[in-house]
Amino acid sequence: MREELRRFIIDNFLFGVEDSQFSDDDSFLEKGLIDSTGVLELVAFIEEQYGIRFQDDEIIPENLDSVNKLIQFLNKKLVPAA
Amino acid sequence: MCGIAGVLNFDDAGADPDLLRRMIQTVRHRGPDDCGIHIDRNVGLAHARLSIIDLACGHQPMPNEDRSLWITFNGEIFNYLELREDLIRKGHRFATHSDTEVILHHYEEKGEDCVKDFNGQWAFAIWDSKNQKLFLSRDRLAVRPLFYTTCNGVFLFASEIKSLLRHPGVSREVDRVGLDQVFTFWFTLPPRTIFRGIQELPAGHSMTVQNGCIKSQRYWQLDYSPASEIRKIGRREEQEYSEQLLDLLVDATRIRLRADVPVGAYLSGGLDSGIITAIVRRFTNTPLKAFSVTFDDPEFNEAPYQEEVSRFLGTERHEIRCSYDDIGQVFPRVIWQTEKPILRTAPSPFFILSRLVREQGYKVVLTGEGSDEILGGYDIFKETKIRRFWGVQPDSQVRPLLLKRLYPYLPILQEQPPEYLKAFFHVNEEDLSNPFFSHLPRWMLTSRIKVLFSDDVKDELRSENCYTELEANLPEDYYRWDSFCRAQYLEAMFLLPGYILSSQGDRMAMAHSVEGRFPFLDHRVVQLAASIPPNLKMKVLNEKYILKRCAEHLIPRSVEKRPKQPYRAPEGKSFFSNGRGRDYVEAALAPAQIRKTGLFRPAAVQKLVDKFRRGLAIGIKDNMALAGVLSTQLMVDQFIEHLMW
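So the protein lines, in turn, are chains F and W. Per our numbering, numbering through the first sequence is continuous, rising by one, with the last residue being 82. Per our numbering, numbering through the second sequence is continuous, rising by one, with the last residue being 645.
In short, the hints are calculated from the structure, not lab data. Note that the Cβ used here is the ideal one computed from N, Cα and C, for glycine as well. Warning: the hint list may mix true and false statements.
The list that follows gives simulated cross-link-like pairs (lysine-lysine, DSS-like), each with its CA atoms no further than 27 Å apart [what the hints assert, rightly or not]:
#	chain 1	residue 1	chain 2	residue 2
1	F	Lys31	W	Lys130
2	W	Lys607	W	Lys450
3	W	Lys110	W	Lys90
4	F	Lys31	W	Lys404
5	W	Lys110	F	Lys69
6	W	Lys130	W	Lys232
7	W	Lys110	W	Lys162
8	W	Lys561	W	Lys539
9	W	Lys607	W	Lys596
10	F	Lys31	F	Lys69
11	W	Lys539	W	Lys573
12	W	Lys232	W	Lys561
13	W	Lys404	W	Lys539
14	W	Lys561	F	Lys69
15	F	Lys31	W	Lys607
16	W	Lys548	W	Lys573
17	W	Lys110	W	Lys232
18	F	Lys31	W	Lys90
Not close to chain F: a few residues of chain W, all C-beta gaps over 10 Å, as computed [said to hold, decoys possible]:
#	residue
19	Glu419
20	Glu471
21	Leu643
Covered by chain W, per the in silico footprint, the following chain F stretches (three or more residues, Cβ under 8 Å) [to be verified]:
#	segment
22	6-19
23	37-43
24	48-61
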């Protein structure tokens with residue numbers, strides 16, 4: 001999942017330029033990786049790739065703004081409801 | 001409006017008539033009606049004429065009575081009748097009724113300071129043979145173009161860069177710092193252009209070439225000092241400003257109707273062109289035909305408003321409908337005219353519109369250009385105000401809600417979750433003191449497409465910082481103005497000449513021999529607007545408030561009240577359909593071609609292209625990247641690798 005997410009970020013927002021180093025904790029917004037509309041592309045990708053649906057109030061930087069935040073959020077989302 | 005060119009050999013060798021002929025022939029689209037060359041030993045002037053005033057007698061280059069001064073002139077001096085009367089009173093005798101001759105006589109009278117009395121849009125060169133001096137000048141807001149270079153002991157100037165490239169010694173290379181600037185600001189910082197070694201005379205500057213020395217100096221500056229404070233304004237003062245503005249706009253429009261050919265108007269459906277058209281209808285007896293561009297895509301189409309204004313004013317209107325296909329089809333020809341990379345396709349519909357104007361037999365059009373810059377119409381001014389307001393209390397949950405009021409015409413931005421809007425239009429303490437506070441989000445977003453630059457370009461730019469060069473171009477007082485006035489200055493003195501009036505304006509109109517005239521850019525209007533307090537230009541968040549006061553009863557209420565809709569054109573869909581790019585797009589962006597040009601990373605461009613092929617590119621950044629890379633590739637192909645003539 002980590003690699004898939006990184007690949008999507010690199011291919012989609014950095015046009016595959018690998019040397020634009022960013023760590024899994026780096027903020028996409030602060031690093032300028034995602035522009036104002038890019039978050040919608042990211043949401044669409046995750047929904048399609050992992051079969052989940054975002055609620056409006058879930059589309060916030062706390063859930064989406066770094067690779068680690070995404071993983072944390074997805075892990076929560078993907079746990080089947082008890 | 002015309003095309004001009006010229007040479008001055010520093011070593012006194014005779015000017016080459018063949019070179020002059022080639023240079024002027026290259027810009028004959030600017031002046032198809034007549035052509036002339038004058039050579040005085042080492043100096044040569046050339047002219048391609050679009051006859052608008054004194055059709056029979058305005059041949060150029062034109063001499064004064066004793067033939068000691070010769071001029072080649074592109075543009076109009078709108079107050080030439082008043083200047084002429086004054087000059088006649090002083091004893092000057094005129095052989096023609098043209099504004100060109102007025103420049104010569106006024107130069108005789110006042111020397112280089114003559115330009116300070118001109119109300120107009122001009123680029124000209126005067127050969128002053130008594131003083132062995134070439135004097136060049138460009139209007140206050142750089143409406144008309146003027147480029148120059150030196151090579152092998154020759155000084156060359158012309159209306160368009162392609163003319164200069166007719167000299168075999170002029171090198172044809174991309175200025176990579178210029179490329180960096182376009183991919184940050186959308187323009188190069190004058191005198192720099194996108195071609196290394198080729199300069200443009202900046203707005204409000206004149207230049208002399210004498211005794212082997214080239215000197216340029218500013219004769220006019222846009223000054224916001226009188227207005228740069230928010231203060232309480234009473235109803236009466238507001239009324240006075242509104243009346244003054246309307247009076248000046250009426251006069252600015254009236255003198256811009258001076259022509260010996262019919263004058264038309266561009267009608268966009270918005271406030272600015274509506275007011276100009278209304279002024280012509282209400283305050284003059286000039287018959288007026290209006291021209292509009294409409295779009296197949298309803299997101300961009302303003303046809304209902306255009307129709308409404310036209311009906312309200314009783315104006316005959318012609319329109320041309322633009323499809324994605326039309327825009328994509330003309331794009332290479334658009335780049336041949338812009339002579340620089342562009343990050344959007346918006347010039348293309350103007351190219352198509354000027355063709356319609358010309359086909360209808362018109363050579364001159366009035367437009368509403370410049371109003372947004374000088375009277376505070378753009379959303380970037382609103383954005384600046386909101387971000388400032390929020391920056392005062394960064395923890396406020398309520399203040400950033402105003403961000404939703406921005407860019408109502410961009411559905412993709414409107415879909416943004418509030419938290420993301422806040423993050424994108426961020427304000428931190430450091431930003432508040434930044435001299436470019438207003439433009440930081442925009443320039444930072446644009447800069448992100450530089451990830452596509454090749455390693456070679458990145459290496460060369462490593463020690464460059466385009467903000468430093470921009471700062472060096474600012475007036476001292478800039479730092480004392482408030483953020484609204486600063487934002488206005490950046491728009492009016494850089495983006496307006498560097499992109500709007502050139503790539504979208506002069507170059508697109510002149511491609512089909514059409515002259516644009518801009519009442520809002522009359523320097524008296526510009527100076528009055530600069531003196532109006534910012535809180536009257538934008539009252540709270542009501543943009544162009546003072547202009548709307550002027551417009552009451554002049555244009556339909558619905559147009560006056562409609563939300564601001566800046567002119568835009570469709571982007572990616574013009575270049576890709578059914579999973580494939582147009583033939584020239586695929587060829588220009590093919591990895592081998594990208595490698596050959598050496599400015600971008602082939603693999604990265606392929607990723608971008610793939611995204612468009614698959615229809616996944618939706619963001620502003622991707623569209624700017626595509627237009628930027630494609631236009632750069634086309635420019636290199638047309639001007640550097642192959643010469644198209």
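Non-conforming hints, listed in increasing numerical order
Numbers 1, 5, 6, 7, 11, 14, 16, 17, 18, 19 - these are the hints that the structure violates, sorted from lowest upward.
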